[in-house]
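Participant: Listed here are the chains, written in short residue letters.
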Amino acid sequence: MMEQDHAQLTEPSYQVMEQAAEWFALLRSGEATAAQQLAWQQWLQASVEHQRAWFYVERIGQRFEPIQVSPVRSAAVSAFCQVQNQQARRRQVLRGLLVLSGSSLLGWAGWQQTTQFRLPMADYHTATGEIRMLALQDGTHVWLNALSAVNEQYQPHQRQLTLVSGEMLVQTAPDPSRQFIVTTPYGQLRALGTRFSVRLEDHHVLVAVYDGAVEIQTAWHGTTQIIPAGSQARFTDERIFSAEPADPAREAWSRGILIAQDIPLTELITELRRYYSGHLSLSPDAAELRVFGSYPVTDIEQTLSMLESVLPIQIQVPFPGWKRIRLKRST
Amino acid sequence: MVKGSGQTAQGCIEYLYADHHGWLKAWLLRRLGNSSDAADLTQDVFVRLILRPAPKGLNSSGEARAYLRRMANGMCIDLWRRRSLEQAWLESLAHQPEALMPSAEQQVMVLQALQEIDQLLLSLPAKAASAFVMAVGCEMSDREVAEELGISTRMVRKHVARVMLHCMQLEARHLAADPGILRVGS
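Read top to bottom, the protein sequences are chains A and B. Going left to right, the first sequence walks through residues 736 to 1066 as the working numbering numbers them. Going left to right, the second sequence walks through residues 610 to 795 as the working numbering numbers them.
Each hint should be verified, as a subset may be incorrect.
As the list claims (entries may be wrong) - These stretches of chain B come out as covered by chain A in the derived footprint (C-beta under 8 Å, 3 or more residues):
1) 692 to 705
2) 721 to 730
3) 738 to 747
4) 758 to 771
5) 774 to 784
What the hints assert, rightly or not - Residues of chain B placed beyond 12 Å of chain A at every Cβ, according to the derived structure:
6) Ile622
7) Tyr624
8) Ala648
9) Asp649
What the hints assert, rightly or not - Label pairs and their computed distance ranges (CB to CB):
10) A:Ser977 <-> B:Glu725: 36 to 42 Å
11) B:Asp649 <-> A:Ser1018: 57 to 63 Å
12) B:Gly671 <-> A:Val1052: 57 to 63 Å
These are calculated hints, taken from the structure and not from any lab test. Just so you know, even glycine gets a beta-carbon here, dropped at the ideal spot from N, CA and C.
Whole structure, please, built from the sequences with the hints as guidance.
Facilitator: Right, here's the structure in full:
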């Protein structure tokens, strides 16, 4: 049915291509009903443009034929997925590393390393409990939170930092000739004269703006939005969630202070773990206690004793390096 | 020295080659740790530059090196990507029962198909690409893919549709650039 004459026709619209892709996803899912199959046939017959779009679906499908007919196709697909996984984890690092001039860190052996080497391989990184201030060549200041890593790619036409993991607070220096970009796996940020923090979490990025403004552009959909001072927003590679007032805690850590404003204890402890190299455990019955106040994160002993004085908890030390927080037994 | 933008592309290439060939090869050698790979990629960089000259011309030695280094970076990444895919495929094959082992020629065909698909899916998130390749390559149902990747069937459906759309658009662009392919392909 897909004839060459179709090539002479104009390209299908984006909407029609999208419909074809959705039909494909449904028909191959193993869940399409007979009625849906019929509906697809009607869709296909309805216009030449639809047929033209389906022609592309078929061409893409053909590329998979050598794999589909192979008796070891699952081995092929698992090899592909394995590499995808590794590379998703390494993508950020590699991009940064390759621009380090004069460095031969990354031979084939380096490539084979696992993600545990991720932090030390970045341009700048911090260990557990370490907060570091970087003064970059253009006068920009970056505070790197504990267990974070960033790569610097300054070029004649633009200044770029890549957040590989963790969190940073950036205070940009003005430079009218070079824009300031922060890239993350989920999208990029363009600073519009500014002080802001960027935090990379498992499935999204949190941006909080304290001065100036920042433009978010998501990696997948390219959606853009400007976040003004005093606001923060989360985004994934496909969408930007609605902005909310900026959390002062996302800035305070740069001064070594963690601000808790009515958060569950479990959240505070999760945060504290970034600053404590031992093991910090929290019993479930104490997890939901509400916490207020400012805590000196780099002084774990001080922070825990402050918590102990305001909350009905007790801290046990089963052995050095393990601090266990539990609800205080009533006497 | 690299001459100004008044120079023809051809002349430019000659100067570029003479001035920077050795430097680029040494630079690549440091990165790749293998002199034959470094030599191959150095050639590839210049061949690509002949086919597609730098859009704004290269007006100083520093500019030329920055441009060459950027190209070479991209090509290192491609090379590593191809190598790691090949490596993973060979390892995966090694675990297959002897009886199923495909012929050398079939092995190469599968690897080539994987590498082509990898190129197509280059800019996509890993989960989406994996879901698509499992679904289409292994003809797995949404439920099977969902179990394998630990995501919902709804997400699988969404990934498959959006990856397919992405591929279709690349394919359309590709065909628009070279309509002759169609005569052979269909």
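Participant: All hints, please: hold or fail.
Facilitator: Verification of the hints:
{"no.": "1", "hint": "692 to 705", "verdict": "holds (count 10)"}
{"no.": "2", "hint": "721 to 730", "verdict": "holds (count 7)"}
{"no.": "3", "hint": "738 to 747", "verdict": "holds (count 8)"}
{"no.": "4", "hint": "758 to 771", "verdict": "holds (count 7)"}
{"no.": "5", "hint": "774 to 784", "verdict": "holds (count 7)"}
{"no.": "6", "hint": "Ile622", "verdict": "23 Å, holds"}
{"no.": "7", "hint": "Tyr624", "verdict": "21 Å, holds"}
{"no.": "8", "hint": "Ala648", "verdict": "16 Å, holds"}
{"no.": "9", "hint": "Asp649", "verdict": "14 Å, holds"}
{"no.": "10", "hint": "A:Ser977 <-> B:Glu725: 36 to 42 Å", "verdict": "41 Å, holds"}
{"no.": "11", "hint": "B:Asp649 <-> A:Ser1018: 57 to 63 Å", "verdict": "60 Å, holds"}
{"no.": "12", "hint": "B:Gly671 <-> A:Val1052: 57 to 63 Å", "verdict": "58 Å, holds"}
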